[in-house]
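K.L.:
What follows is each chain in one-letter form.
Number of protein chains: 2
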Amino acid sequence: MPDKPAPDASRRSEKSRRAIYAAALALVAETGYPKTTIESIAARAGVGKQTIYRWWPSKADVLMEAFLDLGEQAAARQGDAQGEGQPDGIPDTGDLAADLKAVLRATVDELFDPAFEAPARALAAEGVVNEQLGREFVAKLLQPQLELYVRRLRSAQDAGAVRPGVDPRIALELFVSPLAQRWLQRTAPISYEYTDTLVDYALYGLVPR
Amino acid sequence: MPDKPAPDASRRSEKSRRAIYAAALALVAETGYPKTTIESIAARAGVGKQTIYRWWPSKADVLMEAFLDLGEQAAARQGDAQGEGQPDGIPDTGDLAADLKAVLRATVDELFDPAFEAPARALAAEGVVNEQLGREFVAKLLQPQLELYVRRLRSAQDAGAVRPGVDPRIALELFVSPLAQRWLQRTAPISYEYTDTLVDYALYGLVPR
Numbered sequence: 001m002p003d004k005p006a007p008d009a010s011r012r013s014e015k016s017r018r019a020i021y022a023a024a025l026a027l028v029a030e031t032g033y034p035k036t037t038i039e040s041i042a043a044r045a046g047v048g049k050q051t052i053y054r055w056w057p058s059k060a061d062v063l064m065e066a067f068l069d070l071g072e073q074a075a076a077r078q079g080d081a082q083g084e085g086q087p088d089g090i091p092d093t094g095d096l097a098a099d100l101k102a103v104l105r106a107t108v109d110e111l112f113d114p115a116f117e118a119p120a121r122a123l124a125a126e127g128v129v130n131e132q133l134g135r136e137f138v139a140k141l142l143q144p145q146l147e148l149y150v151r152r153l154r155s156a157q158d159a160g161a162v163r164p165g166v167d168p169r170i171a172l173e174l175f176v177s178p179l180a181q182r183w184l185q186r187t188a189p190i191s192y193e194y195t196d197t198l199v200d201y202a203l204y205g206l207v208p209r
Numbered sequence: 001m002p003d004k005p006a007p008d009a010s011r012r013s014e015k016s017r018r019a020i021y022a023a024a025l026a027l028v029a030e031t032g033y034p035k036t037t038i039e040s041i042a043a044r045a046g047v048g049k050q051t052i053y054r055w056w057p058s059k060a061d062v063l064m065e066a067f068l069d070l071g072e073q074a075a076a077r078q079g080d081a082q083g084e085g086q087p088d089g090i091p092d093t094g095d096l097a098a099d100l101k102a103v104l105r106a107t108v109d110e111l112f113d114p115a116f117e118a119p120a121r122a123l124a125a126e127g128v129v130n131e132q133l134g135r136e137f138v139a140k141l142l143q144p145q146l147e148l149y150v151r152r153l154r155s156a157q158d159a160g161a162v163r164p165g166v167d168p169r170i171a172l173e174l175f176v177s178p179l180a181q182r183w184l185q186r187t188a189p190i191s192y193e194y195t196d197t198l199v200d201y202a203l204y205g206l207v208p209r
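Heads up: the sequence lines are chains A and B, in that order. With the working numbering, letter number 158 in the first sequence gets 158, and the count goes up by one each step, no holes. With the working numbering, letter number 79 in the second sequence gets 79, and the count goes up by one each step, no holes.
Pulled out of the complex, with its shape left as it was, chain A reads as follows (with noise of 0.2 Å):
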């Protein structure tokens, strides 16, 4: 355990963590994961390493820590925009397919904010090729926002409005997974009527009803 921290330094503390989550985002967008170092991150931020390494075992966690704050920050940022938080879930007005579009056209603006898209493409990139780490970025930061998901299908089918057979944790991948490979892989262009038609395909199926 360390000390018990002085009067003045819980601010000192949250001023330095702040300057380390941005030297982390900064340094693994510009030069990747496999370069970015404990030593490089705390000479970036203007710190000692000792700070770094009593705070975080690895600069995996650093990252991963730096990234969820950002996460939240938009969060907290598009909050204050409705005037009121609902950082937690996706909305539920009873109309599957808006609440649907909704959320993706959010997506879609957060992934192409500067902020967000490089480092993210950094990490995406590690995972795809380190498996320890994809798999613990998808633990801690993606199945997080794809168990929001599999509550507002589950919502919908208790509702009557998903088929009662449907696998929510399998569907969501209809509409999600297209967004997240065109933005990976560049195989198309992204645009909000491009989720708008991933939602109504997904919904209403490809064979004539």
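Read the hints as simulated data drawn from the structure, not as lab findings. One or more of the hints may lead you astray.
The list cannot tell twin chains apart, which means a pair is met if one copy fits it or any two copies do.
Straight-line C-alpha distance at most 30 Å; calculated DSSO-like pairs for lysine-lysine [to be verified]:
id, residue 1, residue 2
1, 15, 59
2, 101, 35
3, 15, 101
4, 15, 35
5, 59, 49
6, 35, 59
7, 101, 59
On the provided structure of chain A, position chain B as indicated by the hints.
P.N.:
Relative to the frame of chain A, chain B by itself:
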């Protein structure tokens, strides 16, 4: 233009070409795209680097051809196993669901083929952060495969088995992209049962009929 080959040269060239492909795929799998160089490929293949420069302008081109060749060999083996070649298309038996399930099951096998997986991951990872390489690989490797799904879905549209207003280029992503994301990001396990379910959900939709 190179000199006209001597009688033995084409056989010798073919052997060198195979050695260069194998070296390129092994190196990118072991060390990643950035550390794979023309020099290291030449050394591993036991050829002079001028031999490589004579045939390919860059390491990206060597890797792309090596990877295309890997796909062609897998298709040829599959054709042999089936007793007849159907290398360049998705079967059209008139049963869209069955045809899509069959081709996705074959894709699952390919994704976990040890000869394919490591170089494919290394190149996919590089494509996420290297836009030029990513776009080139999509255009030359991925797009031709996606085009096969577009053709199969158009034929289903002509037969009345897919709604007339559906855009086949988007529709194919409902079953192709979920598999791609589970493979790239390891978000959840992959099985034949999973890809079969994707086809059923995509064709019949999530909302009750």
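K.L.:
Using 30 Å as the alpha-carbon threshold, which applies to residue 15 and residue 101: within, between, both, or neither?
P.N.:
neither (37 Å within a copy, 54 Å between copies)
K.L.:
State whether the alpha carbon distance between residue 59 and residue 49 is at most 30 Å within one copy, between copies, both, or neither.
P.N.:
within (11 Å within a copy, 38 Å between copies)
K.L.:
Indicate which option fits the pair residue 15, residue 59 if close means a Cα-Cα distance not exceeding 30 Å: within, between, both or neither.
P.N.:
Answer is within; shortest intra-copy Cα gap is 19 Å, inter-copy 45 Å.
K.L.:
Up to 30 Å between alpha-carbons, please classify residue 35 paired with residue 59: within, between, both or neither.
P.N.:
This pair counts as both: shortest intra-copy Cα distance 11 Å, inter-copy 22 Å.
K.L.:
Reference check for the pair residue 101 and residue 35, CA-CA at most 30 Å: within, between, both, or neither?
P.N.:
Neither way: residue 101 and residue 35 sit 38 Å apart in one copy and 42 Å across, limit 30 Å.
K.L.:
I want to check one pair: residue 101 and residue 59. Are their C-alpha atoms no more than 30 Å apart within a copy, between two copies, both, or neither?
P.N.:
neither (36 Å within a copy, 42 Å between copies)
K.L.:
Are the CA atoms of residue 15 and residue 35 at most 30 Å apart within a copy, between copies, both, or neither?
P.N.:
For residue 15 and residue 35, the Cα distance is within 30 Å only inside one copy (25 Å; across copies 37 Å).
The structure fails to meet hints 2, 3, 7 from the earlier list, while all remaining hints are met.
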